[in-house]
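*Asks:* Sequence:
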Amino acid sequence: MDIIQYIQENEARFIDELSSLIRIPSVSALPEHKDDMAACAERWKQLLLEAGADEAKVMPSEGNPLVYAEKQVSDDAPTVLIYAHYDVMPAEPMELWNTPPFEPTVSDGRIWARGADDDKGQAMIQVKAFEYMVRKGLLRHNVKFIFEGEEEIGSPSLNAFLQEHKELLKADVILVSDTSMLGADLPSLTTGLRGLAYWEIEVTGPNRDLHSGHFGGAVANPINTLCEMLATVVDKDGRIAIPHFYDDVEEVPAAEREMIAHIPFDEERYKQAIGVKALKGEKGYSTLERNSCRPSFDICGIWGGYTGEGSKTVLPSKAYAKVSSRLVPHQDHKKISRLFADYIRSITPEYVDVKVTPMHGGEGYVCPITLPAYQAAEKGFTKAFGRKPLAVRRGGSIPIISDFERILGIKTVLMGFGLESDAIHSPNENFSLDIFRKGIEAVVEFHREFGA
Numbered sequence: 000m001d002i003i004q005y006i007q008e009n010e011a012r013f014i015d016e017l018s019s020l021i022r023i024p025s026v027s028a029l030p031e032h033k034d035d036m037a038a039c040a041e042r043w044k045q046l047l048l049e050a051g052a053d054e055a056k057v058m059p060s061e062g063n064p065l066v067y068a069e070k071q072v073s074d075d076a077p078t079v080l081i082y083a084h085y086d087v088m089p090a091e092p093m094e095l096w097n098t099p100p101f102e103p104t105v106s107d108g109r110i111w112a113r114g115a116d117d118d119k120g121q122a123m124i125q126v127k128a129f130e131y132m133v134r135k136g137l138l139r140h141n142v143k144f145i146f147e148g149e150e151e152i153g154s155p156s157l158n159a160f161l162q163e164h165k166e167l168l169k170a171d172v173i174l175v176s177d178t179s180m181l182g183a184d185l186p187s188l189t190t191g192l193r194g195l196a197y198w199e200i201e202v203t204g205p206n207r208d209l210h211s212g213h214f215g216g217a218v219a220n221p222i223n224t225l226c227e228m229l230a231t232v233v234d235k236d237g238r239i240a241i242p243h244f245y246d247d248v249e250e251v252p253a254a255e256r257e258m259i260a261h262i263p264f265d266e267e268r269y270k271q272a273i274g275v276k277a278l279k280g281e282k283g284y285s286t287l288e289r290n291s292c293r294p295s296f297d298i299c300g301i302w303g304g305y306t307g308e309g310s311k312t313v314l315p316s317k318a319y320a321k322v323s324s325r326l327v328p329h330q331d332h333k334k335i336s337r338l339f340a341d342y343i344r345s346i347t348p349e350y351v352d353v354k355v356t357p358m359h360g361g362e363g364y365v366c367p368i369t370l371p372a373y374q375a376a377e378k379g380f381t382k383a384f385g386r387k388p389l390a391v392r393r394g395g396s397i398p399i400i401s402d403f404e405r406i407l408g409i410k411t412v413l414m415g416f417g418l419e420s421d422a423i424h425s426p427n428e429n430f431s432l433d434i435f436r437k438g439i440e441a442v443v444e445f446h447r448e449f450g451a
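Residue 14 in numbering that gives the first Met the number 0 is what sits at position 15 of the sequence shown, and the numbering runs on without skipping anything.
Read the hints as simulated data drawn from the structure, not as lab findings. Glycine included, every Cβ here is placed at the ideal spot set by N, Cα and C. A portion of the hints provided could be inaccurate.
Taking lysine-lysine and the DSS-like style, the derived pairs with C-alpha atoms no more than 27 angstroms apart in a straight line are [unchecked claim]: (1) Lys354 x Lys270; (2) Lys317 x Lys354; (3) Lys135 x Lys378; (4) Lys334 x Lys321; (5) Lys169 x Lys317; (6) Lys311 x Lys282; (7) Lys321 x Lys143; (8) Lys410 x Lys333; (9) Lys334 x Lys282; (10) Lys378 x Lys410; (11) Lys235 x Lys279; (12) Lys333 x Lys354; (13) Lys321 x Lys311; (14) Lys410 x Lys143; (15) Lys410 x Lys382; (16) Lys165 x Lys410; (17) Lys56 x Lys143; (18) Lys321 x Lys33; (19) Lys321 x Lys235; (20) Lys56 x Lys165; (21) Lys387 x Lys410.
Pair by pair, the computed Cβ-Cβ distance ranges are [as the list claims (entries may be wrong)]: (22) Glu54 x Arg12: 38 to 46 angstroms; (23) Gln162 x Glu54: 18 to 26 angstroms; (24) Asp331 x Leu29: 24 to 32 angstroms; (25) Asn9 x Ile346: 56 to 64 angstroms; (26) Asp247 x Pro367: 13 to 21 angstroms; (27) His213 x Gly280: 49 to 57 angstroms; (28) Asn9 x Glu250: 47 to 55 angstroms.
I would like the entire structure built from these sequences, with the hints used as guidance.
*Replies:* Here is the structure:
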């Protein structure tokens, strides 16, 4: 039985198993879901054993538990370590969902739910390809799995876990399905990711909220001041104005810029899809370069004062913002974090106090296309999608990927199947069942090629 027939005969079971995971609201950002994290880890353990792992176990960490499983074919065979995460983003705002976020709904050829793509659906692709290889006696190399429950909050416990379990996780290559393609008819393999630095800022003015009539115009408003400070971070040409920010930024090579220029990209369609009339970014670079190969800075949230119903004429005591910077390979997120904090302090006027708290971060990553495992993935995509995938850098961040290389000394192949239309991190997240099937076929072919 070939893989296409196997998928057809077992697809209902695959969807049922995926749905059983989705129904567990494993939201790592919210402490009230701690029991759900444990339940989701246990469910993955069960599914990995049923798929053919020799052993699977839930392992403790400083935070949420991890799931480890393995299939040993031979001591002399190479080993693939498959990484995924079982935690998901919060579903809010709930009122924007067309269906309940943790009750999967299959319609229009898609499964709709939080985690349908990121990352339960993509992780299931890996597990079902593994299941097929084991049940048909086709596996020629060892396979290990490590599924974590904190990726969506920056993997704070994973570094220590990797250090402690280096021998257990020893492998020749890591395979990850947690990235996206350029399009359903435009398969692509991710060869690079941006890094990330993230902060929370607190600005304090007067010692209490003040009457804006009595004090407005005489006392600095912390919200106004915070906005003025943040407005200086990016200049009129879209460059980040923090001193020494670009010291380690490598210019995109001319050959790579040429390759990016030939990626099919409809800018008008791109704008229409996100509902904007015009695009904005760093001068001298194309849209695809700006969102993949160049650093960026964004205010992710800003608040303070009165935001309830009606009006309240208040001059607030405090203002807050959460801000982030996407980094490119060679930029050290800890160094950038210090530079940003120093910059904000340097421009803080005397009429307010400021506190900058670094949150999570991570390095960028580049995968060489000469890597044999990358070439096996390329053949997998070609078989499943009928055309050779494009090699592209992506703008997102998976900080743990660079940690894998630093701590375990292993390169990672990013074999992701998401689409922009999947709406990950947003209401109405979904995953195409056609892509789900093709993904399984592609990973099966990866195993065939890598094992050969």
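*Asks:* Now tell me if each hint is right for this structure.
*Replies:* Hint by hint, here is what the structure shows:
Of the pairs offered as hints, the one joining Lys354 and Lys270 is violated, with about 37 angstroms between alpha carbons and a cut-off of 27 angstroms exceeded. Using a Cα cut-off of 27 angstroms, the hinted pair Lys317 and Lys354 holds, with the two alpha carbons roughly 11 angstroms apart. Distance restraint check for Lys135 and Lys378: the Cα-Cα separation of roughly 20 angstroms lies within the 27 angstroms cut-off, and the hinted pair is therefore satisfied. The hinted pair formed by Lys334 and Lys321 meets the criterion: a straight-line CA distance of about 18 angstroms does not exceed 27 angstroms.
For the proposed pair Lys169 and Lys317, the alpha carbon gap of about 49 angstroms is over 27 angstroms, so the pair is violated. Proposed proximity of Lys311 and Lys282 is contradicted: the alpha carbons are some 41 angstroms apart, above 27 angstroms. Using a Cα cut-off of 27 angstroms, the hinted pair Lys321 and Lys143 is violated, with the two alpha carbons roughly 37 angstroms apart. Taking the CA atoms of Lys410 and Lys333, the gap is near 22 angstroms; set against the 27 angstroms cutoff, the hint holds.
This hinted pair checks out: Lys334 and Lys282 have alpha carbons roughly 25 angstroms apart, not beyond 27 angstroms. For the hint pairing Lys378 with Lys410, the CA-to-CA distance comes to about 18 angstroms; that is within 27 angstroms, so the pair holds. Among the hinted pairs, Lys235 with Lys279 is consistent with the structure: their alpha-carbon atoms are about 10 angstroms apart, no more than 27 angstroms. Taking the CA atoms of Lys333 and Lys354, the gap is about 17 angstroms. The hint holds against a cut of 27 angstroms.
Proximity of Lys321 to Lys311 is assessed by CA-CA distance (about 24 angstroms); at most 27 angstroms being required, the pair is judged to hold. Restraint check for Lys410 and Lys143: satisfied, since their Cα atoms lie roughly 15 angstroms apart, inside the 27 angstroms limit. With a CA separation close to 23 angstroms, the supplied pair Lys410 and Lys382 stays within the 27 angstroms bound. Taken as a hint, the Lys165 and Lys410 pair is honoured in the structure, with Cα atoms around 15 angstroms apart against an allowance of 27 angstroms.
Among the hinted pairs, Lys56 with Lys143 is consistent with the structure: their alpha-carbon atoms are about 12 angstroms apart, no more than 27 angstroms. For the proposed pair Lys321 and Lys33, the alpha carbon gap of about 24 angstroms is at most 27 angstroms, so the pair holds. At most 27 angstroms may separate the alpha-carbon atoms for a hinted pair to count; Lys321 and Lys235 meet this at roughly 22 angstroms. Among the hinted pairs, Lys56 with Lys165 is consistent with the structure: their alpha-carbon atoms are about 17 angstroms apart, no more than 27 angstroms.
For the given pair, Lys387 sits about 22 angstroms from Lys410 by alpha-carbon distance, which is consistent with the 27 angstroms threshold. Taken as a hint, the range 38 to 46 angstroms is violated for the pair Glu54 and Arg12, whose Cβ atoms sit roughly 23 angstroms apart. At roughly 22 angstroms, the beta carbons of Gln162 and Glu54 sit within the given window of 18 to 26 angstroms. Checked against the hint of 24 to 32 angstroms, the C-beta distance between Asp331 and Leu29 comes to roughly 30 angstroms, which is consistent with it.
About 60 angstroms separates the C-beta atoms of Asn9 and Ile346, a value consistent with the hinted range of 56 to 64 angstroms. Take Asp247 and Pro367: their Cβ atoms lie about 20 angstroms apart, and the range 13 to 21 angstroms holds. Take His213 and Gly280: their Cβ atoms lie about 43 angstroms apart, and the range 49 to 57 angstroms is violated. Distance hint check: the CB atoms of Asn9 and Glu250 are about 49 angstroms apart, consistent with the given range 47 to 55 angstroms.
In terms of the numbered hints stated before, the structure departs from hints 1, 5, 6, 7, 22, 27, listed from lowest to highest.
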